[in-house]
Amino acid sequence: MSTSSRSETAADTSRRPASGRGDSPTFWGRLSNAGPYRAVTDYVFGSTRRQFVLLAAFPIFWILFAHLGPILQMIRVSFLDSYPPSVGHTPHFTLDNWRTFFTEVIFLRPFFRTLVFSVVLTFATLVLVYPVAYFLSRHVKRDNQMLLLLLLLIPFWVGEIVRTYAIMILLGNTGAVNLILKALGLIEQPIAFMYTNFSLSFGIVYLTSLYMLMPLYSALEKIPQSFSEAAADLGAGPWTRFRRVILPLSLEGISSGCTLVFLISTGLYATPILLGGPSTTLFSETIAGFFHVAGDEWPTGAAFSTIMLLTALVLSGTFMKLMGALQKGGRK
Amino acid sequence: MTRNTRILMSIIYWAFVVYLFVPLVLMVLMGFKDSKFIGFPIKSWTLDWYIGVFRDTEVISVFVYSTTIAVASTAISLTVGTWISVLLAGRSFFGRTVIFGLTVLPAVIPGIISAISFRIFARLLGIETGMFAIIWAHAVHNVPFVALVVMARLATLPASHTEAAMDLGADRFVSFFRITLPYLKPALIGAGVFCMLLSFDDFVRSFFLGGYEPTLPVLIFSKLRSGMSPEINAIATVVLIMTAVLGIWAERSMRRMGKGT
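So the sequences go chain by chain: A and B.
Just so we're aligned: the first sequence equals residues 1 to 332 in my numbering.
Just so we're aligned: the second sequence equals residues 333 to 593 in my numbering.
The hints are all genuine.
Derived lysine-lysine pairs resembling DSS-like cross-links, with alpha carbons at most 25 Å apart:
hint, chain 1, residue 1, chain 2, residue 2
1, A, K182, B, K368
2, A, K182, B, K375
3, B, K555, B, K368
4, A, K141, A, K222
5, A, K321, A, K222
6, A, K328, A, K222
Here are some, though not all, of the chain A residues that point toward chain B, as calculated from beta-carbon distances under 7 Å:
hint, residue
7, T41
8, P59
9, L68
10, Q73
11, V77
12, P84
13, P131
14, F135
15, W157
16, V158
17, G267
18, Y269
19, I287
20, A312
Simulated coverage check for chain A against chain B, where a stretch passes if three residues somewhere in it have a Cβ under 8 Å from a Cβ of chain B:
hint, region
21, 163-172
22, 298-307
Read the hints as simulated data drawn from the structure, not as lab findings.
Each residue gets a CB set at the ideal place from its N, CA and C atoms; glycine is no exception.
Construct the complete structure from the given sequences, taking the supplied hints into account.
What follows is the structure, encoded as structure tokens:
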């Protein structure tokens with residue numbers, strides 16, 4: 001008895017927004033009574049197995065085809081001697097594309113530069129953003145938190161190109177920074193910030209800092225205020241409280257923030273072109289170079305992309321494992 | 333926490349806000365400069381560059397093109413992402429973890445590699461570079477974000493809601509459209525706007541999969557390569573204002589609905 005009355009009220013509330021017009025048959029009512037519809041649904045919902053297959057078929061197809069397909073095809077092409085296929089030539093299996101990477105030094109340099117850049121900048125972003133996330137989550141009242149967070153999100157919605165351009169205007173020879181330095185009498189000639197490691201690093205940190213903020217904020221926000229109060233009652237000073245309570249509990253946020261920023265910075269393409277110079281070539285520019293010319297360069301580009309992808313995923317996977325172990329170790 | 337550290341922390345926060353906003357503000361201001369030459373100081377001001385943007389037929393057609401791509405790819409991402417979430421939420425079956433891992437895969441692949449792999453795959457399928465290829469790449473790239481947001485929302489839907497509908501004679505199909513989907517509305521709006529912004533702002537995929545017609549970021553990029561000009565500032569500012577307004581609107585409407593339920 002009680003079950004039926006409960007379901008009635010639930011159905012009433014759910015019906016209101018969609019139909020609302022008393023007894024006249026709704027679209028859904030007419031559909032449910034239609035003969036062909038009944039025939040199909042009776043068949044489909046007749047067995048749980050059939051139901052599951054119908055629900056799962058499309059998503060599984062999509063994931064295998066659209067998510068995994070491009071990566072697998074890229075790996076396959078990296079082992080071919082020519083692609084796209086040309087008339088009168090069947091592609092052969094070869095290891096040459098992979099060998100190129102390990103034998104030619106001009107490619108190794110941008111590769112390692114990209115890795116070092118990404119690791120260093122990820123760490124720099126963490127150090128820069130942690131106090132901001134800490135302040136927002138622990139020193140601001142709940143109602144204001146959302147407002148202050150929204151303020152930081154506005155620049156985040158603006159795309160990569162527009163923000164990179166903004167950095168170019170800030171750091172250019174006739175840019176704002178040089179103007180201020182000159183006005184203060186600190187310099188005579190403008191400092192060439194642009195097209196250097198500095199401008200590139202500045203731009204990448206500018207682009208990625210919000211991806212670090214969000215995971216850090218949500219991890220820090222979950223730590224109850226009472227934890228550090230308890231530590232204080234037990235005689236821990238501010239630094240000890242941070243090091244022994246807050247920092248270990250925010251490891252999860254640090255781990256996902258760093259992984260996210262690392263993966264994004266290894267994949268940036270427009271920013272190194274616009275903010276970097278000849279001495280700061282990153283691996284993404286090297287990879288792209290193989291695709292600007294049509295013909296036999298695609299397989300080499302595919303091999304290089306695969307190497308970059310594997311390295312990035314293995315590095316970030318290892319990092320996340322280590323952080324996970326650290327978290328577990330701390331909890332004992 | 334002592335008073336001094338609190339003050340120091342708030343100074344750090346506001347310095348961070350300044351750091352994020354100053355470059356953008358400078359960029360907006362530079363669009364008002366009455367000279368072709370980019371650089372400070374700005375001695376005389378003009379509205380001509382901004383007026384020019386709205387008169388430039390090329391910019392307007394590129395804008396329409398970008399918007400079409402954003403809307404189409406978002407529609408696909410929302411449909412597929414929701415479907416995957418319904419499959420994965422509250423159900424355990426063989427291979428579920430693998431399916432979940434592959435669902436989020438496009439989100440963790442570095443941008444340039446994702447673009448290259450789509451380019452090679454498009455060649456395999458015989459898809460010409462251009463609008464269709466970009467829509468497909470953006471749709472695939474954005475599915476993980478939809479799936480994650482929708483799954484989080486689905487986890488909070490009480491089972492009794494759909495059970496009640498079924499007790500009253502609705503089948504699974506009807507109960508999905510009349511109970512589950514309305515419940516997911518705030519999540520779908522939020523994820524949808526996020527997808528639109530990602531697609532609208534995307535450079536690397538649009539660049540490698542684009543044909544002769546550029547999207548807005550690709551247009552700004554190619555103009556930048558031939559030299560900086562206040563005209564680019566004006567275009568970029570229009571993009572900036574639109575994305576910010578859309579983002580704030582989505583954030584507000586999501587919060588209002590979150591409170592309502």
